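Listed in order, the protein sequences are those of chains A and B. 3 is the number of the first residue of the first sequence in the working numbering; add one for each residue after it. -1 is the number of the first residue of the second sequence in the working numbering; add one for each residue after it.
It should be emphasised that the hints constitute simulated quantities derived from the structure, not laboratory data. One should not assume that every hint holds.
[To be verified] Now the stretches of chain B that chain A is said to cover, found in silico as 3 or more residues with beta-carbon under 8 Å:
#	segment
1	167 to 178
2	187 to 193
3	196 to 204
This one's a predicted model, so the numbers in the text were calculated from it and none came from an experiment. Think of the CB as a built atom: it goes at the ideal place given N, C-alpha and C, for glycine as much as any other residue.
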Amino acid sequence: MNTRIGRTAIAIASGAVVIGSLAGCATDQSAEAEAAPSTGSGDTSTTTPSTGTDANDTDSSATSSTYTDGDYTATGEYSTPGGREDVTVTITLADDVVTAVDVTGSATSGNSKQYQSAFISGISAEVVGKDIDSLDVSKVAGSSLTSGGFNAALDTIRSDAS
Amino acid sequence: MPAESATLAFEAIGTGWQVDSRAPIAADTVRRMNAVIEDFDRTWSRFRPDSLVTEVASRSGEWTFPDEAPALVELYSAMHAATAGAMSPLVGASLSHLGYGAGYSLVPGAGTLASPDWDRMDWDGTRLRTRQPLELDIGAAGKGLLVDMIVDLLEQDGVEQIVVDASGDLRHSGGEPVRVALEHPYDTTKAIGIATLADGALCASASNRRAWGSGLHHVLDARTGEPVDEVVATWVTAETAMVADAVATALFFTPADQLAGYVDFEHVRMLTDGRAELSSGFPGELFR
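Extracted from the complex, chain A is given alone in its bound form (with noise of 0.2 Å):
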């Protein structure tokens, strides 16, 4: 079974980001708002996206996945200023893509906990297409702190999904 967590509500006004409280925000599909505020229409209903009601729309190849489908979670550890501080990754796979992501920060101290909105409300727009291990790399640049967290919790779910 394959439920659809809460994505992260998003929405991308030229750069600003609006913070949206992830941790138990369900089901809202068309998380990504493309607020365009300077339009004019009015029209708040966004484009519905490309979610439809099959994951599988042309996945031609969907015979030979080297994961189980279905919902993981795990935690992954990082450090900051201020201590750990830990985040809980649910990602949801089918033929071995990512189809969803889910992010909740446990952070203690008051800077680490607006730091983790902050990261949690920038992630995850559209996580969708990329298989999971389809780049043979050893090193990924983005930026620093939450990220560490993140991929501990990633490698997790890849052994416990593989």
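Based on these hints, arrange chain B on the given structure of chain A.
Just chain B now, kept in the frame of chain A:
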């Protein structure tokens, strides 16, 4: 990365580091590396009460900075000119005003605070003279600079096949090239492209990660003290990590062609609307 390589992981200047090398690094070299890091932090950290930079922020005066200062101020001077003042080592006050200062209050003050003009200081090589307290912040190039200093030390001590990874700032010296995923700024499970790094530096900067509220992050325009929009992430390759790091920040303010006359680099730049640009000589590709 050869399978038999050795790895040393540690935390320094507030972030995670990993040093890979062909063979384990000698204990004496590690000790000297730690000393370099401690000296660097003690000089440049805005977050330490006992740092030189904290002293500079407390009163006007005259100070002597360590040997890495001349190259740093020269680079900052070039970036300041190239970005028409947007990038400045005096952005510390603006950052503190928005809550990113000592103590990490992360509580923004009212509005924004422009940084002092460059002419408020006279910084020549290792000598700095000021006429007022000034909050120096070398965050745009500092981590890269420390990466370079560590690589220099390791090379001097005969360490081979080095990869230093300081959470976003990478430098490679000798051995097989490394393949690096360019992490999607909105989704760390994805990459927007890939780079191959060999004998040089690759630095990434993203405005969305070290963020502490809506529209508040650590990449500020020194002229206004406001966080910048439009560019969400940059990746830059250059000979040194200091240059790559600085350009990765400068690209938030300034198109690549305006920077090209000052330093040599290649880059990827992603905008908030999801488009990304790639310089023709970038050692990698974008997924489109």
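Hint-by-hint comparison with the structure:
no.: 1; hint: 167 to 178; verdict: holds (count 4)
no.: 2; hint: 187 to 193; verdict: holds (count 5)
no.: 3; hint: 196 to 204; verdict: holds (count 5)
When each numbered hint is compared with the structure, no violation occurs for any of them.
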